[in-house]
Amino acid sequence: MKQKLSHLWGRDGTKSVLASLISIVIGMAVGALIVVLVGLLNPSMGPSTMWEGVRLVFGGLFSTGRDAAGQLTFGFNSTNLGNMLFRATPLILTGLSVAVAYKTGLFNIGAPGQYLMGTAATLILALSIPSETVPPALIWLIAFLGGIAAGAIWGCIPGLVKAYLNINEVLACIMTNWIAANLVTWLFDKGSLFEHLQNTVENTKTAYIYKTSFNGVETSKMGLDLIFPNSQVNGGIIIAIVIAIAMYILMNKTTLGYQLKACGANRHAARYAGISDKRNIVLSMAIAGGLSGAAASLYYLSGNTEFFWSTYQTLPAIGFNGIPVALLAVSNPIGVVFTGCFMSMLDIVGLQLTNLTAYNEYITDVIIAVIVYLSAFSLVIKLAISGGHGRKKRAAELTAADAASPPPGGESPDAGNPTAEKGGEEA
Amino acid sequence: MRTMEAENIIEMLHITKEFPGIIANDDITLQLRRGEIHALLGENGAGKSTLMSVLFGLYQPEAGEIRKNGQVVKINDPNDATALGIGMVHQHFQLIDVFTVLDNIILGAETTKFGFLQKKEARKKVEALSEKYGLKVDLDAKVEDITVGMQQRVEILKMLYRDNEILIFDEPTAVLTPQEIEELMATMKEFAREGKSILFISHKLNEIMEVADRVTVLRKGKYVGTVNTCDTDKQSLSNMMVGRPVQLEVVKDEARPGEAVLKVEHLSVPSHTHKKDAVHDVSFEARAGEILCIAGIDGNGQTELVYGLTGLEKCSGGTLTLCGHDISHASIRQRGENMSHIPEDRHKHGLVLDFTLEQNLVLQRFREPQFQHMGFIKPAAVREYADQLIEQYDVRSGQGAVTIARSMSGGNQQKAIIAREVDREKPLIVAVQPTRGLDVGAIEYIHSQLVAERDKGRAVLLVSLELDEVMSLSDRILVLYEGEIVGELDPKATTVQELGLYMAGAKRMAKEGEGA
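Chains as they are written, first to last, in the numbering used here: chain A, 1492 to 1918; chain B, 402 to 917.
Just to be clear, a hint being listed does not mean it is correct.
[What the hints assert, rightly or not] Here are the in silico distance ranges between beta carbons for each label pair:
no., chain 1, residue 1, chain 2, residue 2, range
1, B, 682, A, 1875, 57 to 63 Å
2, A, 1655, B, 682, 29 to 35 Å
3, B, 481, A, 1743, 39 to 45 Å
4, B, 481, A, 1505, 31 to 37 Å
Derived by calculation from the structure, the hints in this document are not laboratory data.
Glycine included, every Cβ here is placed at the ideal spot set by N, Cα and C.
Turn these sequences into a full structure, and let the hints guide you.
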C-alpha cells in the first residue's frame, strides 16, 4: 500500500494536479484576503459582511440566497450549477484549443479570432437557412459544423505561415485575431451583406444579432434542464465533454496524435522519420481553430445568447480565457473539463457576491488573475513539491514556463456584454 | 598525515548520489594530487559526469564529503566551486551565442568601477593568458560565429580568467578535430607543469594513456580502482572499465561484396553557408555485403552528402538509385522503405528527447500494421517490441520502456537509435559517426553490429571522422575533400599517413574521364 502511494506520488501527473490545486487554493485565498481588505477600508462593511464575502468566495456555487433572518443559506442550487455548466461549455472548448496546440509545440493565442470566425459562420448559417423548409435540427448541425470549419480555416492561416515561412505562430495569431474582429464587424455592419440579421424585434439594445432561437434553432437540452431547473444549461456541455474525450484519445491513442506530438517535440526528428512536419503544423493549428470555432457555435446555438456584432475594437474574453484553462489543466484534455468548470464557477461566485452582498463581481476577476499568474508558475510549484533536484532541468522548464505565460486577460466571459474598452488592451 | 594533506588538493570521499531508479554514484572516492592530470574513466552512464557535477556544486550528494587541502568543504552551487578555485569545461559548452568572446569570458566575474564595466583591464588579462598558453581566440567575434574548437578555448580561458587551480574537463575531445586534440593535450600538460591540477573525463584510452598521470576507473556507478598510467596499458584499462575482456580491434572476415544497392551519379547538394555546392558531382556505388566508408575532415560535405541521400536536403543535381528505383526526388518516407539512417546528430534528428524510449523505438515504424490498427496505436504491441529491442540491444535506462529519452546516457541513447535502425532490416544502412562520444564497450558493440549487418548482405555506408574507425571497420574508403571525392582507397593497402594526405587535400586521384 505504501509502495503504491509512493508510486502515485512519484508520478508526474500527480504532481501536476497538486501544483494546479495549490494555484487554485492560493488564488481563492487571495480573493478572500481582498474581500477582507475591501471590508476594512470600507466603514459601512462590518465583520459580518466580510465573513459573508469570504464564505461566498469559497462556496458561492452552493449559495441559495438569504433566509428570513437575513442569514446566508447554502445548499444545492440548480440555477447556479446549471449556469456554471452552461458557461463552462465554451471555456472547455477554447481551453482544449490552446491545450491541443500546446501539446504539439504551438502556442495558440489565436483562439479569440477563431472564436469570432466561428461565431459569424454559426450565426449566419443558423439564421439564414429557412426553418420553414429545413428541419431545425439539421440547421443546427450545419451551423455547428460551419462554425467548426470557419474556426479551423482561421486557425490554418497561422499554421501555414509558420510551416512554410517559419513565422512565429504567436505573431500570426495576434494579427489574425484583429483581422477577424474587423472582418466580423464588417460582415454585420450597416450596408453589409448580413445587416438584416441585426436584431430589430427586441430592440431594447442596439447592435445585436438575433438569437438563433429567432429562427427556431437551439441546442437540445438533453434532459439537463430536468436536473438543473431554472438554469441556462443545455446539451452543449455534453458535446464539449465528448469532444474533450475525443481529443484525449486523438492525442494519446492514435498515430495522428503521435505524429502531431512528435512534430511539436522535435520537428527535425519527425522529419527524419518521414513525418511531414509542415502538414502536421498546419493540421494541429486547424484542429485548434476548429475547437475554438466549436466553442463559439455551442455558445451561440444555445438560443439564449445574443452576439454584439461591433467587435472591431474588442476580442472575446472566452478566447483568451482558454489559455488559463489549458495552463491550469497542464494541457491535459480531460483536465480541461474540470478547469473550465472551475473558471465558470468563479463567474457564478462573482454574480452571487454582486447579488447578495455589497461586494461586486470584479473580485472574482482578481481571483482569476492570481490563478492565471500562479498557473504560469505551476511548474515551479511542481518542482518545489518534488524537492527540486536537477538545476539544469529546472532552468529548462522555467524557460518553457516563461514562453507559455499567458497575457493578462480574464474578464468574466459574459459574452452578451460589450467589453470594448477592456478587450482592446489584451493583444 | 601532513604530507597526505599537502599532496591531495581535492579529495572526494565515499560520495553517494542517487537519482530515481538509479544510484549514479555508489561510495566513490577520488583523490586529486596537486599538479597531476588525473583521468576519470568509465562507460557512458558509469557516473563520471554526476561525480563531477557533485564536485562543481550542481548536485548535492546523499553521503560522503569533499575536502580541499584536507579541509572539509561544502559546495552548494557553482559559485562555491569557483570560490574554491574549481573550474569546469562542460561537455556542452555554457556560452552565450550572441555575446562576444570577451563578454563570455568575463561574464559573472566582471571588473567594475562605480558599476561600469572595465573591459580594458579584462581584455589585457585575457590577451596575456591567451598569449601565454597559445590559446588563440578572436575576442571580438560572437560565439555563434566561431568554430567549436575556439569555443572550447573560450571555455578554458574562462577558467584561467577566474584563476582556477583545479580544472575539470568533461569529455573535451569529443567535439574536436585531431589537430585540435593535439593542441589541447599540449595545453593540459602545460597547465600541469605550472602546478594546476586537472581532472580529465574521457573514455578514449589513447588520450588517457598519452596525457594522464593516474586514472580512476568507475563502472556502473561504483569505484573500480585507481592506477598509474605508467603501470598499465589500454587493454587492461578497458577491461577494468567494462568489467570483461574487450576486443579493441574489429574482428571481421573478408567482405564478399555483391550487387550495388545504392548508385550515386553526379550528385550535387547545395550548401547553406556558401554559394558553392557543399557536395559537387559525386559518384559512387555502395554494394551489398560491404562497409563503404566516407572519410574526411569534418565540414568537407559529409553532412550534406548524407542529407542529400536521405532526403533531408534537396539535391541540386545528379541521380540516386536505391535498389533499382530512382529516388532522386523521392520523399524521406519513400526512401526510408529501403534505407535506414543512423543520424549524425542524435539529439536533433535521432530522438524525440521528450518522448519515452518505447515511443522513440517505433519512430520509424509506427505506421506498420504491427503497431497500429485504423490509426489507433496498439500500446501492448509497442511495449512488447520495445522490451524486445531493449533486451536484445542491451539498452540501459532507469525505467525501461517508459524512460524519457532525455534522461538516458548518451551511449544508451545511441544504442536505442542503432537498435531501431538496424532492426528495420533495410538493404542500405547509412551510419553517420555512429560511435561518436561513446565508450569502448559501446563502440565494440556497435562495430560488431555493423559487421554483422554487412555479413547479412546489407550495404553499410559509414561516415566517420575517426581515422582508427575508418581503417579498422571499412572494406573500402572514399575520401571526401571540399565536397568532392578525391580518393578511393583499400584499407588493407593503405596507411593512416596516406589517408591523412588525401583528407588534407594534399593528394588526389585523377578524376575519371579527365585522363590520368
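To see whether the hints hold, each was checked on the structure:
1. 682/B - 1875/A: 57 to 63 Å: holds (60 Å)
2. 1655/A - 682/B: 29 to 35 Å: Hint holds: Cβ distance 31 Å, inside 29 to 35 Å.
3. 481/B - 1743/A: 39 to 45 Å: Holds, since residue 481/B and residue 1743/A (Cβ atoms, about 44 Å apart) stay within the stated range.
4. 481/B - 1505/A: 31 to 37 Å: Cβ of residue 481/B to Cβ of residue 1505/A: about 34 Å, so the range 31 to 37 Å holds.
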